[in-house]
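Undergrad: As a plain string of letters, each chain reads:
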Amino acid sequence: MKQESLSRTLLVAISVVFVCSLLVSSTVSLLRPIQNARKAPQQLRYILLTAGLLQGKDNIQNIASLLEGVETRILDLSRAEFVSDIDAQGYDYRKRFGDPSATATIDKRDDLAQLGRRPNYMPIYWIHNPSSKAKLVMPVYGKGMWSMIFGYIALEQDFNTIAGIYFYEQAETPGIGDRIQDANWLAGWQGKRLYDAKGSLALNISKLLTSDSLLAAHQVDSISGATKTVDGVANLVHYWLGDKGYRPFLEKQRIALQEADE
Amino acid sequence: MRLLRYLTKPIIDSNPITVQILGLCSALAVSQSLLPALIMALAVTCVLAFSNFSISLLRRWMPSSIRLILEVTIIASAVIVADEIIKTFAPDISQVLSVFVGLIVTNCIVLSRAESFALSHAPGLSLLDGLGNGLGYSLMLILVATVREVFGQGTLLAEVILPTLADGGWYLKNNFMALPASAFFILGLLVWAIRSRWPVSASASDSEGDSRCHSLE
Chain R
1 MKQESLSRTL LVAISVVFVC SLLVSSTVSL LRPIQNARKA PQQLRYILLT
51 AGLLQGKDNI QNIASLLEGV ETRILDLSRA EFVSDIDAQG YDYRKRFGDP
101 SATATIDKRD DLAQLGRRPN YMPIYWIHNP SSKAKLVMPV YGKGMWSMIF
151 GYIALEQDFN TIAGIYFYEQ AETPGIGDRI QDANWLAGWQ GKRLYDAKGS
201 LALNISKLLT SDSLLAAHQV DSISGATKTV DGVANLVHYW LGDKGYRPFL
251 EKQRIALQEA DE
Chain U
1001 MRLLRYLTKP IIDSNPITVQ ILGLCSALAV SQSLLPALIM ALAVTCVLAF
1051 SNFSISLLRR WMPSSIRLIL EVTIIASAVI VADEIIKTFA PDISQVLSVF
1101 VGLIVTNCIV LSRAESFALS HAPGLSLLDG LGNGLGYSLM LILVATVREV
1151 FGQGTLLAEV ILPTLADGGW YLKNNFMALP ASAFFILGLL VWAIRSRWPV
1201 SASASDSEGD SRCHSLE
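So the protein sequences, as listed, match chains R and U.
If you use this note's numbering, the first sequence corresponds to residues 1 to 262, in order.
If you use this note's numbering, the second sequence corresponds to residues 1001 to 1217, in order.
Please keep in mind that the hints were generated in silico from the structure rather than gathered at the bench.
Please note: incorrect hints may appear among the correct ones.
On the chain U side, residues computed to face chain R include the following (Cβ under 7 angstroms) [what the hints assert, rightly or not]:
id: 1; residue: W1061
id: 2; residue: P1063
id: 3; residue: I1066
id: 4; residue: L1070
id: 5; residue: T1073
id: 6; residue: S1077
id: 7; residue: I1080
id: 8; residue: V1081
id: 9; residue: E1084
id: 10; residue: T1088
Because the structure is a prediction, the values reported are computed rather than measured.
Ideal placement from N, C-alpha and C gives every residue a C-beta, glycine not left out.
Just chain U, with the same shape it has in the complex (with noise of 0.2 angstroms):
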């Protein structure tokens, strides 16, 4: 059970981009649609884990002097393996997603856990730690993509839910909602909502969840 904090905890108690608002540039320009966004998602869950997992395993070996180097590496090619792996079985939503697939490189989550956490703990824990911030990042990314396709486009994984004036219903689109600005609204609004129901300050959950993994090692 106390291991599966590491999976939980960054869902919500320290979520990255609410908590510790990292990754918002893709945040905003992928969530227009949840298609898309959830591809996006499962892209950045898989990177963080694979990353974080190989970053510990090799942790001991690193020298310090290329530590950035080594990682930035290894983050570089989970991605192009992601993006090629996206472009070959979604090509159409790898369209869409253009260059942020690559950007996941320079996403801030994927370096902050190494950094912060791979580095100083176990692989199986690193990887737990990364899949858990991938996934707190997906349950972000999802609900301002939700938000913004039944808003923006009526619509919800292309299905209507909202019949829009131009296709003789009732709904008048939002357009602000397909422009990336209005996800930070929506992410405001979020971390707003989130922080009011769960008061847990960033610095404190980190330093707790850093005294328990010493423990377990």
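Bound-form chain R, shown alone (with noise of 0.2 angstroms):
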């Protein structure tokens, strides 16, 4: 064959170009499992984040060994009891919205956060980390001025303290509304209490600071010029950490927890 014949040149194009998808295929499909488990789902990361262990170290071999310490539990809420038969790492609350069967109507009059309907099952999030003061995280999410609002709230040991709040979805309005996800005003809400020492959810987002150091233990600053999509992050928390919402089930926890202790 001479070397710039049609068959000659088909040969050596074909076969090169065999090699070398082989080549490639081969070393994307070794690779590409290693990659999948080295990146963590967002989500995972925005609970993280929550828990106030992604600090300054956000990368991702970080990420894995943390998440090492996370626990996904499914919650039955109107039960506020574990269930075990769903499969916690695949399930997504979002996805469940449009299904009627695996969603309840909420009642007009304890409907705070507008949804209409809510999961019946919702993922909780156990930090296992010893290093970490949160010790649960959960999702809340509700409706804003303009949009839905979705996010995780953190809670210390005694299922009162609030470890960390963090909203990873909203359309509010930007430079006001938005500011929602500010970091430094995410900070002011650790450290605040939900629950009263008559165990009335307190939680309240204020104007007017007091200087109180009762009330001011629940007290959070308000955004000013965002005063709707703020009174839509109260109405939010309020329902999810209420009586309709994940209450029943820290109530339990807690009373557990006192058990444990004497």
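Hints in hand, dock the two standalone chains.
TA: Take a look at the structure:
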């Protein structure tokens, strides 16, 4: 065969391309599983962020090791108990919104967050990391001024003190309402208490901060100009941490904790 | 020893960046700090060595009508493999390097070594030449990145060298060093320094190297 003949040209072209494609595809199929395992899902990142575990060391190796300390459980909201027959890792509550059999209607009077319906099951994330203040992280969402606001709230060991809060999705007014994602404002939630000594949900967002230390423990600074968005945030926190949300579950945990102490 | 010349000559005497003025695009883009530059340098060196070697292996088989297409196919495959490896084992740095690893395909150094060297030399020599040119590129990239990171951020490989004012030190960061244009000036100074220390004309050294290679074959 001459070097420039058509058959020779085709033969060389096809074999070079074949070997190259083999090289590329085998590399990719060999490495893809490692890449996927290292790519921590975005939601888990937000959970770590809410728990305050991601400050300044937001690299992927670090996230993978932190995620080993996170346990996902599925909570049946109406029974306030964990269920074990649902795959916790694969459960996405936001995919259940359109499914009537997987959601329940919220009574008009209780529907502070303007949700209409809520999923029957919500994921709860236990943080087993011993150095973490946050003990568990729970998803929260509700209507702001323009949009649904999605986020997480993290509580400390006492199931009352807020360890952190984070909103990862919103479409509020840019520059005003979207300041609910501002790290400094969110940091103001840390250490605030949800329930007062009498057991009522006392947490509030206020334009005027009180000097009374008892009340201040439940008070979060408002954002000027973003009243409606902030009201939405307050409402969604009140709905989800209230009697129709996680509160019955939190009560059970607190009682179990007290019994364990005695 | 004579074989080693193929490896060492491109490092200073016929350095692809300072003498042949090739591959500047990526040298400007990824030299902001040292760690990404090191990874980039490693990737270019591996791709160069691999492409030079395999193109040299195929040089008697490749019909000249599709020669360039085949060369680019081989180079592109090597680049994809390198990119995937970086994405897997250094995902954070892969984000910094972003598109520039993929753009090694269009790095003039790689194709120029394939065309001007690998096509006319034995695989072993081509491998050495590829490695040598990769090291030459790496050397310049590392020098530029070191200067830019130290004066632009006050750090080297994230270790503090010059404590900056922002962190309570005394050094005011040179923001110009954070811009790609600064690499131009550093490279210009490097070219000037190296050429006045080793005044070898590129064309002369190349033809000298070529005659030697033919005798070896």
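Undergrad: Does the closest beta carbon of chain R sit nearer than 7 angstroms to the beta carbon of U/I1066?
TA: Because about 6 angstroms separates U/I1066 from the closest Cβ in chain R, which is inside the 7 angstroms limit, the hint holds.
Undergrad: Hold the hint about U/S1077 up to the distance rule: shortest CB distance to chain R must be less than 7 angstroms.
TA: Cβ of U/S1077 sits 4 angstroms from chain R, so the hint holds.
Undergrad: Just to be careful: measuring from the Cβ of U/P1063 to every Cβ in chain R, is the smallest value less than 7 angstroms?
TA: holds (4 angstroms)
Undergrad: Does U/I1080 hold up as a contact with chain R if the rule is Cβ-Cβ below 7 angstroms?
TA: holds (5 angstroms)
Undergrad: Would you settle whether the hint for U/E1084 is holds or violated, based on the nearest Cβ-Cβ distance to chain R being less than 7 angstroms?
TA: Status holds, d = 5 angstroms.
Undergrad: Go through the hint on U/W1061 and say holds or violated, using the shortest Cβ distance to chain R against 7 angstroms.
TA: OK, holds: U/W1061 within 7 angstroms of chain R, min 5 angstroms.
Undergrad: Do the numbers back the hint for U/V1081, that is, is its least Cβ distance to chain R under 7 angstroms?
TA: holds (5 angstroms)
Undergrad: Hold the hint about U/L1070 up to the distance rule: shortest CB distance to chain R must be less than 7 angstroms.
TA: This interface hint holds because 5 angstroms falls under the 7 angstroms limit.
Undergrad: Hold the hint about U/T1073 up to the distance rule: shortest CB distance to chain R must be less than 7 angstroms.
TA: holds (5 angstroms)
Undergrad: Holds or violated: is there a CB of chain R closer than 7 angstroms to the CB of U/T1088?
TA: holds (4 angstroms)
Of the numbered hints stated above, none is contradicted by the structure.
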